[in-house]
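**Q** Chains A and B, in that order, give the protein sequences.
For the record, in the first sequence the residue sitting at position 125 is 125 according to full-length UniProt numbering, with numbers rising by one throughout.
For the record, in the second sequence the residue sitting at position 160 is 160 according to full-length UniProt numbering, with numbers rising by one throughout.
Be careful, since some hints might not be right.
[As the list claims (entries may be wrong)] Distance condition first, Cα-Cα at most 20 Å in a straight line; then the derived PhoX-like pairs of lysine-lysine:
1. B/Lys195 x A/Lys112
2. B/Lys207 x B/Lys119
3. B/Lys109 x B/Lys119
4. A/Lys324 x B/Lys140
5. A/Lys181 x A/Lys7
6. B/Lys140 x A/Lys181
7. B/Lys195 x B/Lys167
8. A/Lys181 x A/Lys11
9. A/Lys324 x A/Lys7
10. B/Lys195 x B/Lys66
11. B/Lys167 x B/Lys109
12. B/Lys167 x B/Lys194
13. B/Lys140 x B/Lys167
14. A/Lys322 x B/Lys237
15. B/Lys119 x A/Lys11
16. B/Lys194 x A/Lys319
17. A/Lys7 x B/Lys119
18. B/Lys207 x B/Lys237
19. B/Lys66 x B/Lys55
20. B/Lys109 x B/Lys55
21. B/Lys140 x A/Lys326
Read the hints as simulated data drawn from the structure, not as lab findings.
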Amino acid sequence: MMLKRMKLSTKVYLLIGLALAFLPFINDSRWFMFLMIQIFVFAIFAMSYDLLLGYTGIVSFGHAMFFGVGAYSAAIVMDRMEASFVSFLLGTLVAVLIGGFISFLAGMLTLKLKSHYYAMLTLALAGMFLYIAERWRSVTGGNDGFTFRIPELPGFLEEHRNFVIYLFCLLAMILLFFGMKRITESPLGRVLVGIRENDQRVESLGYRIMPYKVLISVISGMVASLSGVLYAISIRFVDTSVFDIQVTLDALMMTIIGGVGTLTGPIIGSAIINFSHHYLSDLANIHWIFQRWMILFGAIFILAVIFFPNGIVGTIQNKLAKRKTKKKQYDTTEKSLRKEGA
Amino acid sequence: MNSIIETKDLTIAFGGHVAVNQVSVQLPENQFTSVIGPNGAGKTTFFNLLSGQLKPTSGQVFYQGKEITDWSVVERTRAGIGRSFQLTNVFPNVTVLENIRLAIQSREKVRFNLFRHFKSYTAFEEEAHELLDIVLLDEKAESLAIHLSHGEKRKLEIAMLLALETKLLLLDEPTAGMSLEEVPTILRVIENIKKQEDRTIVLIEHKMEMVLDLSDRMMVLFNGELLAEGTPEEIMKNETVQEAYLGGDPNERVHT
Numbered sequence: 001m002m003l004k005r006m007k008l009s010t011k012v013y014l015l016i017g018l019a020l021a022f023l024p025f026i027n028d029s030r031w032f033m034f035l036m037i038q039i040f041v042f043a044i045f046a047m048s049y050d051l052l053l054g055y056t057g058i059v060s061f062g063h064a065m066f067f068g069v070g071a072y073s074a075a076i077v078m079d080r081m082e083a084s085f086v087s088f089l090l091g092t093l094v095a096v097l098i099g100g101f102i103s104f105l106a107g108m109l110t111l112k113l114k115s116h117y118y119a120m121l122t123l124a125l126a127g128m129f130l131y132i133a134e135r136w137r138s139v140t141g142g143n144d145g146f147t148f149r150i151p152e153l154p155g156f157l158e159e160h161r162n163f164v165i166y167l168f169c170l171l172a173m174i175l176l177f178f179g180m181k182r183i184t185e186s187p188l189g190r191v192l193v194g195i196r197e198n199d200q201r202v203e204s205l206g207y208r209i210m211p212y213k214v215l216i217s218v219i220s221g222m223v224a225s226l227s228g229v230l231y232a233i234s235i236r237f238v239d240t241s242v243f244d245i246q247v248t249l250d251a252l253m254m255t256i257i258g259g260v261g262t263l264t265g266p267i268i269g270s271a272i273i274n275f276s277h278h279y280l281s282d283l284a285n286i287h288w289i290f291q292r293w294m295i296l297f298g299a300i301f302i303l304a305v306i307f308f309p310n311g312i313v314g315t316i317q318n319k320l321a322k323r324k325t326k327k328k329q330y331d332t333t334e335k336s337l338r339k340e341g342a
Numbered sequence: 001m002n003s004i005i006e007t008k009d010l011t012i013a014f015g016g017h018v019a020v021n022q023v024s025v026q027l028p029e030n031q032f033t034s035v036i037g038p039n040g041a042g043k044t045t046f047f048n049l050l051s052g053q054l055k056p057t058s059g060q061v062f063y064q065g066k067e068i069t070d071w072s073v074v075e076r077t078r079a080g081i082g083r084s085f086q087l088t089n090v091f092p093n094v095t096v097l098e099n100i101r102l103a104i105q106s107r108e109k110v111r112f113n114l115f116r117h118f119k120s121y122t123a124f125e126e127e128a129h130e131l132l133d134i135v136l137l138d139e140k141a142e143s144l145a146i147h148l149s150h151g152e153k154r155k156l157e158i159a160m161l162l163a164l165e166t167k168l169l170l171l172d173e174p175t176a177g178m179s180l181e182e183v184p185t186i187l188r189v190i191e192n193i194k195k196q197e198d199r200t201i202v203l204i205e206h207k208m209e210m211v212l213d214l215s216d217r218m219m220v221l222f223n224g225e226l227l228a229e230g231t232p233e234e235i236m237k238n239e240t241v242q243e244a245y246l247g248g249d250p251n252e253r254v255h256t
């Protein structure tokens, strides 16, 4: 019954999710599972970035700080406590709360500013977190980072630990995708798009924009922290690289290549970037240039932005929308012609 | 008669240029007032001071007897001051329908709902279609606002303002840049708002002929100063206005 009421797109998304769940039965090599987990984790992170960039028009250069705060909070809690599900849940909770709190503070401090100031300030804030992580050695282990244990799974699940983590990250991605999609399709989400399009006009319709910006910044920060938690768990290790500007830039690239303001775009972007990262580096045996895969990627990125500014998903959506309006126009002219004929 | 909005010595200066200079005026409730004056007279700036886009250098603004000089745009909108913009100011990359829907959503105070799907508010969508129908724009409902012609964007502006259902409507040259066929539509829309109860309209227009029939009252701005204020007849007879603005015999001008 529920299936009947579902929209076609929802069915397609669920079907793809289901197919992904069975993927490890086709290829269960360790590196492949690891690569897929990375794709899921970064897809979550990039989607949280899309809430800001694509749906509200906020450019942040410091999104890595939420990723890092999530990774460190979970890792530290699980390291200090005995590895159990309680510590895992507590670690996740602490990560999300701290992530939410920091994004709230950052939002209150900076979102009143014009967009480029916000971008600069978040960059500075993220730099500060990187510095703290490097210097506060007793807690963070400094540049070397630290490994930690994650709880053992009961019975035979322990033997398929990677598969369980794979499924867990996939499930998290699917749930968060639907959750964030719902937010963007709520009345609040529509106001966010209004803010992106013309913030002054939103005010003269009677919406106060600050609370919206802060709220979405908090939600985005919390989701980004969650992706940090998943990242730390998937590699059972954390070091200062989680605060690196490269993490933010990756999210930016994934979002833009996949399609800004689409949510599905960042997922596709994450897959493309992680796959090409992996395969292009592998080609290093053939020619040294592939070792510097970022050079190639930079060139492709520039071309993509010039020719497909809406990203992969955005370009496809526009094509579909155009076809739909054309068909509608055709239908109405046909109808009026028929009327005249009658 | 009660005044809905009142200004006292309202002044704003940009550097050395005084755009609005000591304007004191009372705009009566439920009346149609036109603000006329040549280009650069300070009409739009005067509107910006009423709707809160600009804060005055000195002077005060009162709305329904309360001082609102320090109120923000949001507070003024919520209190019932709505406006349309001369330079079209819509949400470009969303559909025409969505532009209106956002205005209705604000009026209905559905502002922070995170959990319901926006399409489940079907009444909003129906009303948006009705409003678009009034301004003859419904066939473009699903187009992106960025693809509208200039005249169509102006119609959208007016429909957005109507959607807010504010007591006070500030219309900034709603027919500027419209094709000749489109102007009567908009005038008819404005006339219809005028007929509704509890609506005060203030309209900026520099084509005096166009608004003479519609207006209950007129105010003339010239170089930022209030030159005259009164009924259309009084304004037409006013010698200063004739000299400064119309520059000739009133009977010749009116019937062109």
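**Q** Taking the hints in turn, state whether each one holds.
**A** A quick look at each hint next to the structure:
no.: 1; hint: B/Lys195 x A/Lys112; in the structure: 42 Å, violated
no.: 2; hint: B/Lys207 x B/Lys119; in the structure: 42 Å, violated
no.: 3; hint: B/Lys109 x B/Lys119; in the structure: 16 Å, holds
no.: 4; hint: A/Lys324 x B/Lys140; in the structure: 13 Å, holds
no.: 5; hint: A/Lys181 x A/Lys7; in the structure: 13 Å, holds
no.: 6; hint: B/Lys140 x A/Lys181; in the structure: 27 Å, violated
no.: 7; hint: B/Lys195 x B/Lys167; in the structure: 13 Å, holds
no.: 8; hint: A/Lys181 x A/Lys11; in the structure: 14 Å, holds
no.: 9; hint: A/Lys324 x A/Lys7; in the structure: 17 Å, holds
no.: 10; hint: B/Lys195 x B/Lys66; in the structure: 26 Å, violated
no.: 11; hint: B/Lys167 x B/Lys109; in the structure: 16 Å, holds
no.: 12; hint: B/Lys167 x B/Lys194; in the structure: 11 Å, holds
no.: 13; hint: B/Lys140 x B/Lys167; in the structure: 28 Å, violated
no.: 14; hint: A/Lys322 x B/Lys237; in the structure: 56 Å, violated
no.: 15; hint: B/Lys119 x A/Lys11; in the structure: 19 Å, holds
no.: 16; hint: B/Lys194 x A/Lys319; in the structure: 43 Å, violated
no.: 17; hint: A/Lys7 x B/Lys119; in the structure: 13 Å, holds
no.: 18; hint: B/Lys207 x B/Lys237; in the structure: 17 Å, holds
no.: 19; hint: B/Lys66 x B/Lys55; in the structure: 16 Å, holds
no.: 20; hint: B/Lys109 x B/Lys55; in the structure: 26 Å, violated
no.: 21; hint: B/Lys140 x A/Lys326; in the structure: 12 Å, holds
The structure shown violates the earlier hints numbered 1, 2, 6, 10, 13, 14, 16 and 20.
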